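Given chain P, put chain D in place with the hints provided.
There are 2 protein chains.
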Amino acid sequence: MPTRARKTPLRKTRPRAPSRPRLARPPARSRTASREKWVYLFDEGRGDMKDLLGGKGANLAEMTRIGLPVPPGFIVTTRACNAFQAEGNQFPEGLWEQELAALRTLEKRMGRTLGDPGNALLVSCRSGAKFSMPGMMDTLLNIGLNDEVAEGLVAETGDARFVYDAYRRLVQMFGTVVLGLPHEPFEHVLEEYRRQRGIQNDAALPAEDLKAITQAFQRIVREKSGRDFPKEPLEQLRLATEAVFRSWNGKRAVDYRNAAGIAHDLGTAVNIVTMVFGNRGEDSGTGVVTTRNVSTGEREMEGDYLANAQGEDVVSGTRPTLRIAALKEQHPKLHAQLERICQKLERHFRDVQDVEFTIERGKLWMLQTRDAKRTAQAAVRIAVELVRERRITRKEAVLRVKPEQVDFFLHPRFSSAEVKAARERGDLLATGLNVSPGAASGVVALDADTAERWSKEEKKAVIMVRPETKPDDVHGMLAARGILTSRGGRTSHAALVARQFGKPAVVGVSEMEVDCEKRQLTVAGRVLREGDTVSIDGTTGEVFAGRLETVIPDLSDPHLLELLKWADEFRELGVYANADYPRDAKLARELGAEGIGLCRTEHMFFETERLPRVQQMILARTDEERAETLAWLLPFQREDFLGLFRAMDGLPVTIRLIDPPLHEFLPNHDELLHDVTELETRLELLKDKPEAAGLEARLVQKRRLLEAVESMRETNPMLGLRGVRLGIHLPALVRMQVRAIFEAACQCTREGVRVFPKVMIPLIAHSNELRVEKELLEAEARDVMKEQGLEVAYQFGTMIEIPRAALTADQIAQEAEFFSFGTNDLTQTTYGISRDDAETGFLSEYLQKRILPENPFATLDQRGVGALMEMGVKLGRKTRPKLDVGICGEHGGDPKTIAFCHRIGLDYVSCSPYRVPIARLAAAHAALTS
Amino acid sequence: MPTRARKTPLRKTRPRAPSRPRLARPPARSRTASREKWVYLFDEGRGDMKDLLGGKGANLAEMTRIGLPVPPGFIVTTRACNAFQAEGNQFPEGLWEQELAALRTLEKRMGRTLGDPGNALLVSCRSGAKFSMPGMMDTLLNIGLNDEVAEGLVAETGDARFVYDAYRRLVQMFGTVVLGLPHEPFEHVLEEYRRQRGIQNDAALPAEDLKAITQAFQRIVREKSGRDFPKEPLEQLRLATEAVFRSWNGKRAVDYRNAAGIAHDLGTAVNIVTMVFGNRGEDSGTGVVTTRNVSTGEREMEGDYLANAQGEDVVSGTRPTLRIAALKEQHPKLHAQLERICQKLERHFRDVQDVEFTIERGKLWMLQTRDAKRTAQAAVRIAVELVRERRITRKEAVLRVKPEQVDFFLHPRFSSAEVKAARERGDLLATGLNVSPGAASGVVALDADTAERWSKEEKKAVIMVRPETKPDDVHGMLAARGILTSRGGRTSHAALVARQFGKPAVVGVSEMEVDCEKRQLTVAGRVLREGDTVSIDGTTGEVFAGRLETVIPDLSDPHLLELLKWADEFRELGVYANADYPRDAKLARELGAEGIGLCRTEHMFFETERLPRVQQMILARTDEERAETLAWLLPFQREDFLGLFRAMDGLPVTIRLIDPPLHEFLPNHDELLHDVTELETRLELLKDKPEAAGLEARLVQKRRLLEAVESMRETNPMLGLRGVRLGIHLPALVRMQVRAIFEAACQCTREGVRVFPKVMIPLIAHSNELRVEKELLEAEARDVMKEQGLEVAYQFGTMIEIPRAALTADQIAQEAEFFSFGTNDLTQTTYGISRDDAETGFLSEYLQKRILPENPFATLDQRGVGALMEMGVKLGRKTRPKLDVGICGEHGGDPKTIAFCHRIGLDYVSCSPYRVPIARLAAAHAALTS
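Chains as they are written, first to last, in this note's numbering: chain P, 1 to 930; chain D, 1 to 930.
Quick caveat, the hints were computed from the structure, so don't treat them as lab data.
From a predicted model like this one, the values you see are computed outputs, not experimental measurements.
All clues given are correct.
Any copy will do: because identical chains look the same in the list, a pair fits if it lies in one copy or spans two.
In silico SDA-like cross-links for lysine to any residue, where the CA-CA straight-line distance does not exceed 25 Å:
{"id": "1", "residue 1": "K518", "residue 2": "A708"}
{"id": "2", "residue 1": "K373", "residue 2": "D51"}
{"id": "3", "residue 1": "K211", "residue 2": "E192"}
{"id": "4", "residue 1": "K470", "residue 2": "L672"}
{"id": "5", "residue 1": "K687", "residue 2": "E671"}
{"id": "6", "residue 1": "K849", "residue 2": "A732"}
{"id": "7", "residue 1": "K518", "residue 2": "V700"}
{"id": "8", "residue 1": "K849", "residue 2": "E624"}
{"id": "9", "residue 1": "K774", "residue 2": "N855"}
This is chain P alone, in the form it adopts within the complex:
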């Protein structure tokens, strides 16, 4: 008993919640349910209410608001859907009453009544979430039909075929959508009737059949579900609303949201719309148009139209659709009205729209509008032209094109028709890692020499196929149109070189067996011999048998150039390129690069002419011998830099000193071990035979080589003698490189070329390494400039690619004049993952099992690697406030990473030349959205 007697009557309230919420309790907001507005008439909503009304509903409301002909209707909100789930699949308080009230308004406006056989209103019930989830949730049409209403409508329209077709569809949809019955029993009935009539198409069934089918469908519903098809139209409406609500948590929808990254707590709205029919005769029809051409971006309405048909017929493709021009011929006035509406919509929504419409007996009704999906090419052209038409700003235009879409302009691709046909033929052999975009067809060549010979001498298009590639395969890769390997990951040698040279490549096709001895590949149960033709798509990772035609988009697209120019105005990050050769540098510059962020000097050592001398240098037994080979290499290296400097006249060129472990330049260990063992065995067995004579000498030579290679072998070469460690171990080598850089720089200066070399020392873990190395090398640089009587502006800096370097960046910045994040290596060490091994091994297992959300070698791991980068930038600038900081790992061309680099205050990103335009746009996005 309360201590004080209450005088005022107790208000009727729900009981207080117990202190601990129980599971599945409805959320607090359901307590205010009775007061919440769950239902909006179309003329009560607006286009910016997508959270509440869903995308479809908000746009229907907006079209209504601006006076377009939309069939009257109303929307049940997404909050109602959430409340429904929260109450354990019960309508929240007040919802049904509000739905009924809205229905009454509809009936009043239409002068028709749901369930009135003399004057029946029919409605549809469709889902509509904030983000489009096409086909993922449920729809019911023709709600309001029952036997009496059907008879009444037949009387009213005189079109029994139309009425019973609508009725049987309602029953069928009710069975499958609301009750979850299988489709087959319904389809069997239709089949049977078609068979009896000897026809292919349901549309040709006469009215009596459709009526009989309707009855058959009602029997199926009764037998399979144990309940009758509800005759009461209001019950139909209520059950349809519930079905749409429930479909939000259906498996299909949940899977889709997981894949598309859509939140699960958004809920779906439900749109109840007066039915209009495009199948009421030749003055009726239905269609779908976009306000511009979404393939090319051209400014013309484009789409499909079908007379005397319903929307379903357009989608199902049972009758061939006509181009929208057909409407112009048949009903020029309606066509003109549609065009005016499209223009109004585009102006109103400030973007190209994708529109559904229906014509019922000469009256045009708009059923849906939304921003149109478009190809990359169209996206660019539309964005640029909307600016010219003063519809949107340059900023908006830049933001409307995704950086990834720019890639489209850069690579050949297979036409979709070709791909479809190849799939149908069963020519899709496998899907590997899509490491370098673009498509290519050619004959299989199983080694670099063959690839080069067939390409150069026989002028064949070649696809070079290997288990994996090595530095001495590069000449073959250059000669080939594309590269295909069975091993290796996203940053394998094949992938890196392919991206570097813009060659399409698919790697890590583990189900493909490459037999270099039998000169064949086995994949998907098929054997392809060397010389057979294959096609690879480096954008998708697909590998096809046979030749597929490629389409080459235009890189110099004027719209693209304009858009990128605007992007350059907005971005704050510099965009540099990774380029080792003058031809790459030129290309990068054409594509907009503002400098070279990474020139890998060791690539120059792999060239056929130089490699033997490089090996001799490595294996040298005396300093003199080493000095001799280095002196031989110097002019070559100088020539390399001369070319780069000339190509980048006026722009900085960042040159990384030698980085890889020495064994990469030496012959393969296992091959040598094989040869030595074989020779030893032969010598033992043939020791008294004449053949033995030559063997001994070869054995001695091979053995010496094997010993040298073994002495340089490392258990974990990635963490071994490379980078600055190599420079400290073999100072003469890096001094030669620095000499070459500065001799070239002086020569260029004399020629009038403006040079700015930035010498980059890789793999620093401790500031002492950099101090020692910089002292040595800067002295060499000064010697050269003194000899040449010239001063050249330059900087010495370092890669930050070891966690310790980032952690001690304040100390390192005392020596380094610039930083460049080498995120490939930094990812390897921060994650403890060897890129050479993991991407075709456990890392792909991790990605398949969703243990990792993304491949950290493709998209930067911001939480881990990114945290180190942020630390590195902050600590570095603590010591040297104006420290120039960039990134030159593979990630430098990835838009997500570029946004991150912008956020943590980098000065520039550097990526492969072909990704420069993408990076320019991504950098603009980063600046505009941060």
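Structure of chain D alone, referenced to chain P:
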């Protein structure tokens, strides 16, 4: 012109410093020089003024202060030395005047005057820095002598030999020390006189010779330096003071300070002391004693004495010294006085003292006292006994023993006499990495089987020698007394196993060539055959030919046990042990471990009996085959854990699930490749011969194995498929391990043994890995407990050994109930250094070139790896405030690292059993000094 005329006269001031300091400008303090006290008489100073007066000077002042017989003297301060350097090697203002004033006081006290031929005062001038730098700086004796003074002294003492010996020493020291002349010309003169007299010893030269020698020395000075030996005693004093000042920056002293880590800006004091002479007859003498025995710690004065001699004679060893007991026989009163003084000094300084004294004509003079250096054994005993004598507190006692000194008690060592003799014989073959302390002698065995056979069957002491060791060598390593390898680093397999089992080991002896075919080693130009005897000292890294006797200190030393008990009272860190076997666990517990911090389960897989089954499990082609071998392994693994749990009854046992890459369990790749190639070649050459019959089958088998090994081969196994990655890849394997752990835990519980298993999942880089693995394994654990009808307390946790784990420790702590830092791996990835390759490669080059101050695998890199650890602790405890955090890398037993672990708030350190006592003491130090 100033705008206002000054009325007051301008004060005379030094000109204002220009705004930018020039180089070599004296520091600001020299402006106040004239007012600073540069000179302290002994009775003006105190023992705690070491900063200002140096160690020697402060102690001389202190002895004076407490009334001990110290020859009168004074000290020039270290600040004067610094001012001298700062003024460009000029005496600061006032210094010389103060020195003269102090000298006058001396003269007054002694009743003698510097330079007075009738009554001459002689003084010495010695350096004395804050920290002892023995022999690094200069000393001048007998200042005040010239021809007249010498004649006067001869007249006074009647001892011309004594006077001219002192005089020639002064001239000689003046030439070499003050003027920097070479020693040789002086030595040649002495040699010549000895030759003429036919004697060995300068002491036997007659007075006339010494006088002639003095004159000859003066000629040498004049000729070699171009200046006369200064006759004026005050000039001698001034030049001597300057020479000591200058010697602070001499190369020897600078090098010493660099090596000893002494700051260069401390400066040295200069001690000017009245000369007393121990060579004035049989009632004179000199000696050095420690107040206790510094070898054993026993409580008895100990040292050397030489009658009628000077300090130099004791040091130079020209005459054999006597035990201090000799003084007792000759002069019992003086001996008793010395003993009283020693006791007073020890009481006063609260520690054992190392004392120099001189007796001049029956009077005892104290010339120096300082804390005595002592052996580890003595340090422990002295510390404990001083507490018993109530001289110091327990805290002080604990702090007086260095943790490293405890190591002494744990390992056999060679006696110093043996080592000296072996060196003299030329038997020191090489010095490698001292990776596991202790000394051992034995016959060389070049493979594990031989080592085991010789040890077990022939009962020989064996040293196992290999290029490097592998897991299947462990049985041989266990059988051997010590391990010696030519390759590998501080954390190589050999080093890890050796430390684990407390076997002495020297690894990475790169100049030693091990030829397993010829069964011999070549080192230092000598060839040792298998079966020859070698001796290795794992404490020093030395390798000797032949047998050296070992001495085994006593581990159960009662003083040590007492000291460690006190340490346990003070420390806050727990001390756990890394132990894989019950016998290690027992040992660790005896040595004071409070739990197992790391049990490496894979070590159990390498046992001879199990390895074939483990290989079968790895190579299994079906899940059934794998399940079968796992079922076979389960009881073994359960037995392992039973033993561990029983040994650690009541204490936590941390068990790490399988960690290493699978190929470590498989046969060697190169050997297989060799065998396959050889068989292929034989088969080709012998194909029609009868021998071919058996070859085919062997080839097929070897080929299959080679293919399997190749399919698991990784470029960088350290960063590959291991740790949790392996667990996710082969879930059945880790489930078997968890089953074994919990079956054993349940069985123990039933037996009344209290168990607390902590299951540790290695190599986590992303929290998802841990979540997935923990779900799987905790389910298995619960299954077992359900089957057994028992509940066991347990935890699931992880190693933090990848930078990303430390960076995302907040996320990881959502899954992990404890952290253990695996600093071996964490150092590898943070530094980007492969421990397998680096320690005998570029890392040792770095250490030699001083690019790195320390080997980061021996002492934790606090700046880099430590920063990540600190982050890991903070982030982890942000999520889980009571998170239990430890360290189980090799560093866990390193005192510096332990101090760091204490500072960042770890709960415990875990180290190999033999380092547990060291860690206990180090943890106490950390707690007492933080």
